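Could you fit the two chains together into a complex? Lean on the hints.
Residue numbers (this note's numbering), protein chains in the order written: chain D, 7 to 112; chain B, 27 to 147.
Honestly, the hints are just simulated from the structure, not real lab data. Each statement offered as a hint is correct.
Cβ pair distances, simulated, as ranges:
no.: 1; chain 1: D; residue 1: S20; chain 2: B; residue 2: G70; range: 19 to 29 Å
no.: 2; chain 1: B; residue 1: A85; chain 2: D; residue 2: A15; range: 32 to 42 Å
no.: 3; chain 1: D; residue 1: D7; chain 2: B; residue 2: G68; range: 21 to 31 Å
no.: 4; chain 1: D; residue 1: S20; chain 2: B; residue 2: S103; range: 45 to 55 Å
no.: 5; chain 1: B; residue 1: A66; chain 2: D; residue 2: K45; range: 15 to 25 Å
no.: 6; chain 1: B; residue 1: V28; chain 2: D; residue 2: E33; range: 31 to 41 Å
Bear in mind the structure is a predicted one, so any value in this text is a computation, not a measurement. Glycine included, C-beta positions come from ideal geometry on N, C-alpha and C.
Each chain is listed here by its residues.
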Amino acid sequence: DIQMTQSPASLSASLGETVTIECRASEDIYNGLAWYQQKPGKSPQLLIYNANSLHTGVPSRFSGSGSGTQYSLKINSLQSEDVASYFCQQYYDYPTFGGGTKLELK
Amino acid sequence: EVQILETGGGLVKPGGSLRLSCATSGFNFNDYFMNWVRQAPGKGLEWVAQIRNKNYNYATYYAESLEGRVTISRDDSKSSVYLQVSSLRAEDTAIYYCTRSGSSYIYFDYWGQGVMVTVSS
Chain D
7 DIQMTQSPAS
17 LSASLGETVT
27 IECRASEDIY
37 NGLAWYQQKP
47 GKSPQLLIYN
57 ANSLHTGVPS
67 RFSGSGSGTQ
77 YSLKINSLQS
87 EDVASYFCQQ
97 YYDYPTFGGG
107 TKLELK
Chain B
27 EVQILETGGG
37 LVKPGGSLRL
47 SCATSGFNFN
57 DYFMNWVRQA
67 PGKGLEWVAQ
77 IRNKNYNYAT
87 YYAESLEGRV
97 TISRDDSKSS
107 VYLQVSSLRA
117 EDTAIYYCTR
127 SGSSYIYFDY
137 WGQGVMVTVS
147 S
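Only chain B is shown next, with the shape it has when bound in the complex (with noise of 0.2 Å):
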């Protein structure tokens, strides 16, 4: 079974930083790609960073309205991926939900529960 565990959320003032981490199993994490997608309250979906596997280099992407504060990376060893935000702003509350694509999609077939952000004085 296919799991994907978010942590490190919290609160955060303005102006701080913040890692989220992402742990899974059931599926070798090796093949995969790894995306953050975030969902503002009573919000929409915005897909944020990708990080490709191996076999691609391990290539980032990132969103243009969060280029420059994040940062997605990935440890293979421990089947997990990271999300390094810097410079939050109100606007970055968040659930931040960790999520799997493949190397021949770039749809989300599975899901973390999220994890919450939430940047505030």
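Okay, chain D solo, but in the shape it has when bound (with noise of 0.2 Å):
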């Protein structure tokens, strides 16, 4: 299995602050690769996908960004509605999610 590893495990940060959060696979992914937001008590809900494409309906102040085995995504300027959980997965192959990162406002 390919191994994620996402960094930080949490994350505080004041509101229109910017934000990332990175992903590093075990092995090389090739741009497979995706990005959730998870807020409490609800489902995950994709963001990005293919690295840096941006799902229908997500704000573009989040970007993602990497290749080989360094990912990273980013928010820019932090809203309240942004508190949340983020978690990376890769699909090169058999699906493996990072371990997430909470972001909290500071």
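Okay, here's the thing in structure tokens:
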């Protein structure tokens, strides 16, 4: 299995701040990476696929980048509704997820 | 609008079995692969199983950690997918989500609200 290591595990940021979450794969996943947002008590929702493509309806303040084994999710101008947990997932091989990042407001 | 609704969760004794159902609407079910993903309380996400569509001969794939104890199936006439889990253990306690993915991608673009399965005596 491809292991996904996500960092940080938790993050506290202020409204309007820019936030970056990292995900590292145990081997090259050739941009087969998705990011999900999960709000408390809700199911995950797709944000980004193919490492940098925005899913339908996702605000443009979310962006993804990276290649090879290193990927990141950036949230520009943090809004209160962005408080959530974020997960990366590789799909180059059988799907595996990162451990998640819990984002809170400072 | 894509809709995915899971049912069939509940409290099960260790060693027992459970069949989860997932009804869908709002898209051409026949065109898509369907999956189950689970999340233990307060934990991360784990892909459980996938069933492909008719074009791919309804091929099935399972997470190694569950292989032999789970069976995924689908009924295209009902736009529904099912997960049979047997020999349940406490560590199978989780929310089970039904998710959609495509033939050219294995990320999960739509998720159901999830169904809770609790394994306890």
